[in-house]
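Engineer: So the chains spell out like this:
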Amino acid sequence: MKLLTCNNLDAFYGDFQALFGIDFYLNKGETVAIIGSNGASKSTFLKSIMGIIPVRKDAIVYENKSIGGESTHSINRRGITLVPEGRKLFPSLNVEENLLIGTQSQREGTWNLESIYKLFPILKEKRLIPSSSLSGGQQQMVAIGRGLMSNPSILMLDEVSLGLAPVIVKDIYKVLPLIKKEGTTILLVEQDIKQALSVSDRVYCFQEGKISLEGKPRDLNHDQISQAYFGV
Amino acid sequence: MMELLNTIIHGLLLGGLYSLFATGLSLSFGIMRMINMAHGDMIILSSYLALAIVIPLGINPFLTLLLVVPIMAVLGYILQKLILNKTLGNDILPPLLVTFGFSIIIQNTLLEIFSADSQGLNAGKIETASIQLTQNISVGFFPVLVMLIAVFVIVALEYLFYKTSLGRNFRATSDDHLTASLMGIDTHKIYSIAMALATAIMAVAGVLLAIRTNFDPSAGPLNLLYAFEVVIIGGLGSLWGTLLAGMILGVSQTIGSYIDPGWGILSGHIMFLVILMFRPQGLFPKTKDR
Numbered sequence: 043m044k045l046l047t048c049n050n051l052d053a054f055y056g057d058f059q060a061l062f063g064i065d066f067y068l069n070k071g072e073t074v075a076i077i078g079s080n081g082a083s084k085s086t087f088l089k090s091i092m093g094i095i096p097v098r099k100d101a102i103v104y105e106n107k108s109i110g111g112e113s114t115h116s117i118n119r120r121g122i123t124l125v126p127e128g129r130k131l132f133p134s135l136n137v138e139e140n141l142l143i144g145t146q147s148q149r150e151g152t153w154n155l156e157s158i159y160k161l162f163p164i165l166k167e168k169r170l171i172p173s174s175s176l177s178g179g180q181q182q183m184v185a186i187g188r189g190l191m192s193n194p195s196i197l198m199l200d201e202v203s204l205g206l207a208p209v210i211v212k213d214i215y216k217v218l219p220l221i222k223k224e225g226t227t228i229l230l231v232e233q234d235i236k237q238a239l240s241v242s243d244r245v246y247c248f249q250e251g252k253i254s255l256e257g258k259p260r261d262l263n264h265d266q267i268s269q270a271y272f273g274v
Numbered sequence: 004m005m006e007l008l009n010t011i012i013h014g015l016l017l018g019g020l021y022s023l024f025a026t027g028l029s030l031s032f033g034i035m036r037m038i039n040m041a042h043g044d045m046i047i048l049s050s051y052l053a054l055a056i057v058i059p060l061g062i063n064p065f066l067t068l069l070l071v072v073p074i075m076a077v078l079g080y081i082l083q084k085l086i087l088n089k090t091l092g093n094d095i096l097p098p099l100l101v102t103f104g105f106s107i108i109i110q111n112t113l114l115e116i117f118s119a120d121s122q123g124l125n126a127g128k129i130e131t132a133s134i135q136l137t138q139n140i141s142v143g144f145f146p147v148l149v150m151l152i153a154v155f156v157i158v159a160l161e162y163l164f165y166k167t168s169l170g171r172n173f174r175a176t177s178d179d180h181l182t183a184s185l186m187g188i189d190t191h192k193i194y195s196i197a198m199a200l201a202t203a204i205m206a207v208a209g210v211l212l213a214i215r216t217n218f219d220p221s222a223g224p225l226n227l228l229y230a231f232e233v234v235i236i237g238g239l240g241s242l243w244g245t246l247l248a249g250m251i252l253g254v255s256q257t258i259g260s261y262i263d264p265g266w267g268i269l270s271g272h273i274m275f276l277v278i279l280m281f282r283p284q285g286l287f288p289k290t291k292d293r
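Residue numbers (our numbering), protein chains in the order written: chain A, 43 to 274; chain B, 4 to 293.
Excised from the complex, chain A in its bound form (with noise of 0.2 Å):
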C-alpha cells in the first residue's frame, strides 16, 4: 500500500529550479534510500516533503490526501517527522526536554520516553544534562529519538552519518531494523552508500534535481550505481 507519492514534484529556490518533475512513492512498512552526491538536492526533497519549501497542493499525497503547501507543523502532526542534517538539537533543552518536544503530535505508538530509553540506554544516564554537551554520536540518538516520539508513520533520516565515527554510524544503523519491525516507514537520505544499500529494501539515487535511478539495492550492480550517481 501506497502511504506517500509524489507526483511530478518540482522545487524551486527562488528563481533556481532544485527539483525536477520527481515521481517518487513509499510504501508503508518499508525502508527507502534516497542516494547521491554533494548537491543532488536529496534534502531539497525532504524539505519539500515537510511543507519547508512550496510546492504544488497535489505533488505530494499522504494517506490519500494532498498535503503539498501545509504548515510543516501540521505535516508533522499528520505522522511525517525528519531528523535533520546536523541533528538540530535545541542547546537550551536537556536531554530529556528535547526528546518531550517530539510529543507535539499526541499521535498513540509505541515509542515514548521509557521505549526510547531502551533503545539508547546512554541516553538513560545522560537524561538531565544540556543536549550540547553530548558527544555527536549521543546527539544523533537523542534526534532519532526526538523525531521518533511523534511516533511517525514516516520517519525521514537526513545524513544520520555525517560527520560520525564508523563505529558510531554502525550503533546508530543497528536500530534502523528495531524501528522498521514497530511498523515505522523509513526515508533514509545518506551519502554513504554501502550503510544506505545495506538497511533498504529500495534506493532512488539522485542526480542535479532528478531521480537517475531507482530499484531494489540487490537488482543493481555497482556500474550502474556510480553511472547514477556521479553521472559518468
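Because the hints were derived from the structure by calculation, they are not lab data.
Remember, it's a predicted structure, so these values are computed and weren't measured experimentally.
One or more of the hints may lead you astray.
Claimed, not checked - Some chain B residues flagged as far from chain A (calculated, every beta-carbon gap over 12 Å):
1. 4
2. 126
3. 185
Said to hold, decoys possible - Pairs of lysine-lysine, DSS-like flavour, derived with a Cα cap of 25 Å:
4. A:168 - B:166
5. A:99 - A:166
6. A:166 - B:166
7. A:168 - B:289
Heads up, the beta-carbon is just placed ideally off N, CA and C, and yes, glycines get one too.
Using the hints provided, position chain B relative to the given structure of chain A.
Structural biologist: Here is chain B on its own, set in the frame of chain A:
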C-alpha cells in the same frame, strides 16, 4: 549617611518597577527575536486603560488590574496573530517599522482622547504608607508591594518556562524556530501566546506606574528606554538578571538625584554605558544570539 542608605533602598525598590517594564520586552525579544518599539507606549496605554476604568467606576486602581491585564493580553495576542507574525522573517527591519508605527498610533490616539495633560491614579493611603525599619530608615509600602509583584511575576515565569510543556515549547522555539516547527510546534501560535504574556505583564507595569507617578501620552519612549537598558544590563533571556539590572538602574538614578536633583536620569544612562563597555553581553546572558 542614613539619608544615603534610604536613597539606596529606594533605588533598589524602584528596580521592581523597572524589571516589570523590562520583562515583557525580554520575552518578545527572547522568543520572537522581535524588538517591540511600541513597548513603552503599550505600558502607557495600560495606564490610560486603568484611568478610563477608574474615572466612571470610581474603584480602587488596584482592582483595574482585573480588567486591564486580560484586555491587554487579548490585544497582544491579536496584534501578534494578525500583524506581527506576518512581519517576522530573516529581516529584522519589518517588525521594527511596524511596531514603531504602533508607537505613533498609540501616542496620537491617547493624545486625541485624553489630551496632553498629565494624569495620575490615586490609590489612597497605600501610596504614602511606609514601614519603619529602624529609627532613621523607612521604606514605602507601595514600592515594597511593587517589588513583591515583580518577584512574583519572575517566579511565575520561571515556573512556566522550566516546569511546563508550554515553557519547553517557548524555549525550543527561541532556540531554533524552524526545527521547532519540524517537531510539530505551531511557532506562530507560540509567538501569539508569548506576546499575550508580554502585554499582560506590560499591563501590570502600566497600572503600577500610573499609581506611582504621573503619566502623559508621550511618556512611552522613556519607559522603552529604561526597559531596553534593563534588558541589556541584565543579559538576554535572564529574568533574575532583569530584576538585578532594574535595581542597578534604580540605585544609579536615586544616587544621581541624591547628588543633584537633575542628575537622576542621566546617571542611570551613564551606568548603562559603563556596564555596556565592560560587559557588552550583559551581566547574566542566557539566550544565545543566533
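Engineer: Which constraints among the numbered hints does this structure fail? Numbers only, ascending.
Structural biologist: 3, 5
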